[in-house]
Each structure stands twice: as C-alpha cells, then as structure tokens.
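A.B. asks: Here is what each chain is made of, one letter per residue.
Number of protein chains: 2
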Amino acid sequence: MKKYTFLVLLIAQVLNAKTGFSQAGKQPNFIIILADDLGYGDLSSYGHPTIRTPNLDKMALEGTRFTQFYVAANVCSPSRAALLTGRLPIRNGVFGTNSANKVFFTNSTSGLPHRETTLAKALKGKGYQTAIVGKWHLGSLPQFLPLNYGFDSYFGIPYSNDMGKEGFMAPRPGSPVTSNNPVLPLYRNEKVLETEPDQNLLTKRFTAEVTDLITKNKNKPFFIYYASPFPHVPLHASPDFAGKSKRGPYGDVVEELDWSVGQVLNKLKELKLDKNTFVVFLSDNGPWLMKSLIDENGGSSGLLYEAKASTYEGGMRVPAIAWMPGTVKNQISSAVATSMDLYPTILGLAGVEIPKDKPLDGNNIKDLLTGKTDKVTDIVYFYDANQLYAIRKGAYKAHFQTNASYSQKPAETHNPPLLYNLEHDPSEKFEIGKKHPEIIAELTAAFKKHVESVVPVEAELDKREAKK
Amino acid sequence: MKKYTFLVLLIAQVLNAKTGFSQAGKQPNFIIILADDLGYGDLSSYGHPTIRTPNLDKMALEGTRFTQFYVAANVCSPSRAALLTGRLPIRNGVFGTNSANKVFFTNSTSGLPHRETTLAKALKGKGYQTAIVGKWHLGSLPQFLPLNYGFDSYFGIPYSNDMGKEGFMAPRPGSPVTSNNPVLPLYRNEKVLETEPDQNLLTKRFTAEVTDLITKNKNKPFFIYYASPFPHVPLHASPDFAGKSKRGPYGDVVEELDWSVGQVLNKLKELKLDKNTFVVFLSDNGPWLMKSLIDENGGSSGLLYEAKASTYEGGMRVPAIAWMPGTVKNQISSAVATSMDLYPTILGLAGVEIPKDKPLDGNNIKDLLTGKTDKVTDIVYFYDANQLYAIRKGAYKAHFQTNASYSQKPAETHNPPLLYNLEHDPSEKFEIGKKHPEIIAELTAAFKKHVESVVPVEAELDKREAKK
Chain A
0 MKKYTFLVLL IAQVLNAKTG FSQAGKQPNF IIILADDLGY GDLSSYGHPT IRTPNLDKMA
60 LEGTRFTQFY VAANVCSPSR AALLTGRLPI RNGVFGTNSA NKVFFTNSTS GLPHRETTLA
120 KALKGKGYQT AIVGKWHLGS LPQFLPLNYG FDSYFGIPYS NDMGKEGFMA PRPGSPVTSN
180 NPVLPLYRNE KVLETEPDQN LLTKRFTAEV TDLITKNKNK PFFIYYASPF PHVPLHASPD
240 FAGKSKRGPY GDVVEELDWS VGQVLNKLKE LKLDKNTFVV FLSDNGPWLM KSLIDENGGS
300 SGLLYEAKAS TYEGGMRVPA IAWMPGTVKN QISSAVATSM DLYPTILGLA GVEIPKDKPL
360 DGNNIKDLLT GKTDKVTDIV YFYDANQLYA IRKGAYKAHF QTNASYSQKP AETHNPPLLY
420 NLEHDPSEKF EIGKKHPEII AELTAAFKKH VESVVPVEAE LDKREAKK
Chain B
0 MKKYTFLVLL IAQVLNAKTG FSQAGKQPNF IIILADDLGY GDLSSYGHPT IRTPNLDKMA
60 LEGTRFTQFY VAANVCSPSR AALLTGRLPI RNGVFGTNSA NKVFFTNSTS GLPHRETTLA
120 KALKGKGYQT AIVGKWHLGS LPQFLPLNYG FDSYFGIPYS NDMGKEGFMA PRPGSPVTSN
180 NPVLPLYRNE KVLETEPDQN LLTKRFTAEV TDLITKNKNK PFFIYYASPF PHVPLHASPD
240 FAGKSKRGPY GDVVEELDWS VGQVLNKLKE LKLDKNTFVV FLSDNGPWLM KSLIDENGGS
300 SGLLYEAKAS TYEGGMRVPA IAWMPGTVKN QISSAVATSM DLYPTILGLA GVEIPKDKPL
360 DGNNIKDLLT GKTDKVTDIV YFYDANQLYA IRKGAYKAHF QTNASYSQKP AETHNPPLLY
420 NLEHDPSEKF EIGKKHPEII AELTAAFKKH VESVVPVEAE LDKREAKK
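Line order of the protein sequences matches chains A and B. Its first residue numbered 0, the first sequence is counted upward by one per residue in numbering that gives the first Met the number 0. Its first residue numbered 0, the second sequence is counted upward by one per residue in numbering that gives the first Met the number 0.
Treat the hints with caution; some may be incorrect.
Pairs count within a copy or across copies, as identical chains cannot be separated in the list.
Calculated cross-link-like contacts (lysine-lysine; reagent style DSS-like; alpha-carbon spacing at most 30 angstroms) [as the list claims (entries may be wrong)]: (1) K428 / K243; (2) K245 / K57; (3) K245 / K433; (4) K274 / K428; (5) K392 / K25; (6) K392 / K290.
In short, the hints are calculated from the structure, not lab data. This structure is a prediction, so every number in the text was calculated from the model and none was measured.
Here chain A stands alone, though its shape is the one from the complex (with noise of 0.2 angstroms):
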C-alpha cells in the first residue's frame, strides 16, 4: 500500500502544479477593477432587478462569484490603501481618529506613507509593466501620486469625482467640501492633462486606456488597477448609457461599468490571454445613501442593512468576482475573504516573496479560488476610522460599536456587543446575544487580542491644511 501511496501523492503534486496559476512557465498577468461605492445588491448577478450587467454576470459564471467578501473599511481612501498594502489602515497609516476625517480631501496634506510596499511596487520587482488606471485617491500632492508607489503609468484622478467644481457636496452646510472647491485633474503620469475633463466620457477613456496597455503589454507580465471613480456621485454616463436604463442615471453607470468590463475581458481573450491573467473586480465600499441628499442616485445593499460609512454588513460587504478561465473555479463561493487577501494572493501567485517586515491582514486564498478548500480565514475586523467597532468569527458577529449612515444614527457603544448569526441572519436583523453568552465571550477575546496587537502610526488622514 505504501507503494501506491507515494505513487497517489506525486499525481496529486503533478497535478496541482498543472491547475497552477501560470501558462507554459509564463507569468500570470493581474488586473483589478475597483467599482467605487457599488452596493452588493446592485448587480444582477446579485439580485438587483432592473440593472442589467450581462458582462458581469458572464463573469460570474465563467468565475467564482464571492458572497461574503468584505472591504478593509467603509470608505473609499482607506479600502484603497488596505487592498493595495494587504494591510488594514489602522497599520499602513491611512486612517483619520474622527469622523470628519476618513479619507482624504483636498486640503490633505498627506497620503499613503511612503514605507508600504504596495502591490504594484512588489510586482515591479519582479519585472511586471504596472499601471493605474482611474480614482487614486491616496494623496493629491505631487509627491504622493501614484507613481511614487511603484506604478509605470498613472491616468485617472486623483481624489474623488465630487471634490471639483461639480461638487455636489459642496453647497452643502457642514460639508468638508467647501464651496471654493479644487478643480478635478486628470493626470497623465506626473503632469495634469486638463481640468475638469467631461466626466460623461471618463467610462469609455479609461476603458481604452486599459484595453490598449493589454495590448501593448500582451507579450510581457503585467498588474493593471483599474479603478473606476463611478458609480460614486455625481453620476455620469457617456450618451451610449445615458438614458438607457430601467434604473435611472445609477443604473445608466452601472451598466457602462459592466460594459467597460466586458471590453477587458473580451480584449483579454482576443489576445489570447484570458487563460493566463487573472481578474478581480470588487467595489470600495457599500453604496452611498444619503436621505434627501441624493435619495436613488446611490445604490443598494441588497438583502443588508445599511450603506457607505457603516459598519454594519451594508457598508463593508461588496461584491466580488474572480476570474481566470480554466483556473479559477466556477463557483459561488460563501467563504469568508477580503479585499486585503489579493495582496498575498496576487504576490503568490507572480513568485513574490512577502515581504517580512510588517504584518499582513490577508490571507493568500489560492485554494479558495481553485476550490481546493472553502475555508481560509473565519474573520473579519470592522473598523470605523481608528476604532475597531465589530468582529466576525465563523458565521458570527459582534458589534461593540455601531453608526447607521443611512438612517444617520451615531456611533453608539453595546455593552455587552450585539450579537448576530450572519450566515442564518446577512441582514442583521435578529440580536441574538442572550442566548449565547459563550460567543459574546469568544468574540470579545478576539476583539481585545487584536486591538492590543496593534502598533500606533500615525493617522496620516488627519493632516489637512486648516483652509481651503
């Protein structure tokens, strides 16, 4: 029997090296299309019923289609940092200790710190051509663009599309925005190609932008992070999407966003390459619902509760969707991931060593994506700014603090946490904690062991200039 023993285990080693990530010893190519404040109901593969994403959902199928898939935080600046660092905010830096301070506005005079090895920076050493494409959001000062991070190529914007001229926060009486808004670049590289560019047309140019660095890179290792600036207000369509959709000017964006995809994967598979890159697309954060504010120009959750800035599941559980024909497995996967396991994912599968020097937050779920197992991690930290509010530990979560953005209730502190079952409960919505105090007691460890294993930095979204 040992014979044939041996004999099992070195089929299995052959075989697992041919469902590997790389084609004919190549190097697998990586590109991430980030949605921007896209709420997990808001696709039709997720149940949204009057917006059409048959290139998504396509996807999806051609995929695996992940539905507990979580965000490092519940806004766009810090989700961005933690996905391009594998690290939560609270230790790359890129968090605020208020709430008027959660991502970075105009006036910041800060941005990601320069110690972090972002994602692009680690594949760069490894000989990858490195592009951003879209919303950088993690500094607007020359020396925190994008290129100063181990990026060959920047084109897109570097904060928000609200925080120009269009803002449309602006007129608003205590908003960070003031109404002597900035202006919107759009940089090319380090030098500003124009102002206030025609934000109807940013869809379909970054969408060439992307399609043409596929081709020109076609026969070289490449990383593209595409961040799309929408469905983030204000919306806008080019007048192919405008006006055409059930769902109004959200769904018209929407829509081009899954068309925009579609042109990236079919690009991908006329080149041939679709069988040797892999891709993911996510969003930052949950959907922005603002009451009278902008009403349904935001998005939806879907079956959770509420939204953008919460910490409740609506806020941080986005949805998210791999694929790499013939790799990754064509699943819908209820695993526990996050946006910060693409860091030690995507530097695993390039041969990037991880660097050792800081601790990582992501987990490397090749073998989620390859459905070799279905279980990688069990939790999840939620935090809001520099304070870690909630937990979740195997199907359960514990909410030690709570804010509700939509229905604009402050943070408030339970002592004992809520308590809910999110696999029988994603919608949050019966308290269990009564009934199993031994959890609360579990929950409660794990939360004081991870706050106390915390080394302070510095709260680089706290450094703004007093005006402007």
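Please arrange chain B on chain A, whose structure you already have, making use of the hints.
C.D. replies: Only chain B this time, still in chain A's reference frame:
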C-alpha cells in the same frame, strides 16, 4: 419593395410557428411548482449569500428568470385561488373582509367557489391528466377538496403545515388557530391516508409522487400542480438535508426544495419530455418575518421592503422562473407579470379556449417567454383582503393604504397616496409624490376605475364556525 415585405412577413410567420410551444404536434405538458412563503431574496440566483440553490439557478440560466413578477395576494389562500383561476381574489371570492380572515382556517366552512373554472378543470376538458401534489388550502371540507375542481388525483395536505397539532401559532395569545388544533391530514385523493404525517419526509414523498406522475403520463399530456408546503413554518427537512445548510433550518428546507425541483427537471430530461414541458417555479407570497416569534426561521425579501401579509413589494413580488428548453428564452426579464398570467398563457398553449363568462385578470405572456416582446402589461393591483391598497402602473406604485407586517405597523391611509418609482427604487425608500402630481393623478384614476369595475361577490374567507 412590397413583394419583399410580404416575403418577410411570411418567413416571420413560419419562424413564429416553429418557435411555438408544441413539439411535433404534441400538446405541451405543464408543471407549476409553488413554494410556500419563499421570499424574493431566498434563492442564490436572487442574491442570497448562504442558501445554495444550484438546481433553481440552473433552471434560471436555462430559462427566464423574472425580476418583477407578482402574486395576487400577500397570503396563501387568495394567492392560490388567483393562480388557479387567473382572477383576482376579489372576483373569485377567496377573500375576507377583515384581517382575521385572510386565509382558510381549519374551521372555515367554505372553499373556492365551484362556479370557478380552475386551470385543472379547463385542461381536463382538453384531455389532460391533472394532478395536485402538496398543499391545497382552498377549503378543507369534503366538497371543497381538489377532486371537486378538475384534479384527477391529489396527494397532499388540505391547509398549511402549521395548522395541525404541530401548529406553532397555537400557543400564541389571540392566534386565529386555537390550542385545540385539529390534526393535519395527508390525503390520497378523497381519503385521509395518514394524520400528522412525519413532516421531515414530506418533500421527499411529494417529489417521488411528482416524478412518478411524470413517468406514468409520459405518453399523455399532463398538468401537475406541485404546491410544496415549505418553507412555511414549521420547518422540516429530511435527514439528508437537516443541518446541512449554512443558513440553518430555513436553508435546509429551501435546499431540499431546490433538490426536489432538480429531481423533477431531471426526470423530464431523462424521459425526453423537457422540450415539451413548460415548467414554472414561483412562490405564493413574500416570506414570513415575525420578530421574536419565528425570527430567522422566516425568509428574506432581499432588497424589497416588508414581507408576507403586506402590500409593499416584499409581500407580493416573488421569485419566478419559467423553463422549457428550446422554447422559453434564456433571459433575465424585468417585465411586469403576475401569477394570474399563467392561466391564460397555459390555456393558450394547450389550445383551450378561454371561458368568456368571467373577467380574467391575467394576460397571455407567451411572447414574453419566447422573447418576442418585453412588455405585455404594466399594471399590478395590490389587495389586502377585500381592499385595494396600492396600484402599480409602469415604473410607479401608489399606495393608498399600507400595512407593514414585519414592522407590525397597522393599516394606514394615505391621501395623497405614497408614490415610488419601483424601477429606480425597488426598495420603496424614496417617496416622490410631491415631485409628480401628474403621476399621482394618473394612478388615482386607474385605481378608481378598477375599484368601480369590480362586481361584489360573497367573501368566502369570512365563513367560519364560531368555535374550533
């Protein structure tokens, strides 16, 4: 040019005949699979994160998945009466005049009026073998059992699975079901086969009955009405499914129901009847969400507001999938359709002339199913018991009265009505009446016109014995 126009029309006619529902002159078979209290958000293809429904997802991919499909009532009995007659409860008599009489109870002395022509009766006249498997709930006295309405066979229970000794509502103060619950009988035709059958085995037994009926009738046209008593509470799954779902007991039951649907479709494929059998899966109303009473044992309305017993979308918009490979188009359809459409559609396909003696409330949606059109009607009526609460016309819904069963808000009258754009805002979050007085006027006129058109009949659900 005229010559060509004629030729084009001729070709179109030939193609049209070819894409009809009959195969080589054979009459098509029909199977309606009705789930009980399954919510809009409870299938994987409708966005549930932890319930696995691979068979229904496959059915959806091979057929038409509807995203704006409605039932005629927000609770069991009237919804079922409307499905089987193609007529609103207010016309067929299966309604009550107050909220205590919304369904048939075990002490009801009436049933579906015999003057109605059910789908079974109409098809039987055309040589169809007709069967009901599962829950009837249109009268439990002998003269109101299914064989009185055109069904050749009956294997099932006469009312809800909570109305026997296991009645979970029994201990509840003020419950319409007394603690002196009658037994739950399992019928074979007109005879009680068992009392209080093991509910854990019901799905398996009903599935075997349906697949046996298909085999037995493989050479004759048949109509099977498979009305599962689940996921209505009490939740019961067989040992193969109990404890297997991440979603808990509710998930176990839905996953077994999904398995059951798979068995039915596979049997059709095995006997090569799939291309000649029109199958529809739907739910009878929204999920039962009763805080503290059943909590997470109730389902999910997904992104829709409210639940069973409400006239908000969560109470009356249901998952609905139509299937007939080669004929029903592979599509996600956001066309408005209702359960009452099945009556004229199925009779049309079977070549049965629609009885002209009574007004019908359904429309023939054959052209929606084949993809020839994307709109047949755009009006939906939302009744609560005998009162019209709301109307949908196009994208808009006007609520003249509302009740919110989950939030336990009693009925409230609205003048002017509340107005929502369901295509932009399926969750009924953003009231827009003030901005659209002209739409309020249009919907108010349609509301009045409908109410005036209804000829009163007796309220059968009011007829109950005083005690029992």
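A.B. asks: Each of the hints needs a verdict: does it hold here or not?
C.D. replies: Now for the hints, and whether the structure bears them out:
1. K428 / K243: between (35 angstroms within a copy, 22 angstroms between copies)
2. K245 / K57: The answer is both: 20 angstroms in one copy and 26 angstroms across copies each meet 30 angstroms.
3. K245 / K433: between (44 angstroms within a copy, 21 angstroms between copies)
4. K274 / K428: For K274 and K428, neither the intra-copy (42 angstroms) nor the inter-copy (43 angstroms) Cα distance is at most 30 angstroms.
5. K392 / K25: The answer is neither: 38 angstroms in one copy and 57 angstroms across copies each exceed 30 angstroms.
6. K392 / K290: between (32 angstroms within a copy, 25 angstroms between copies)
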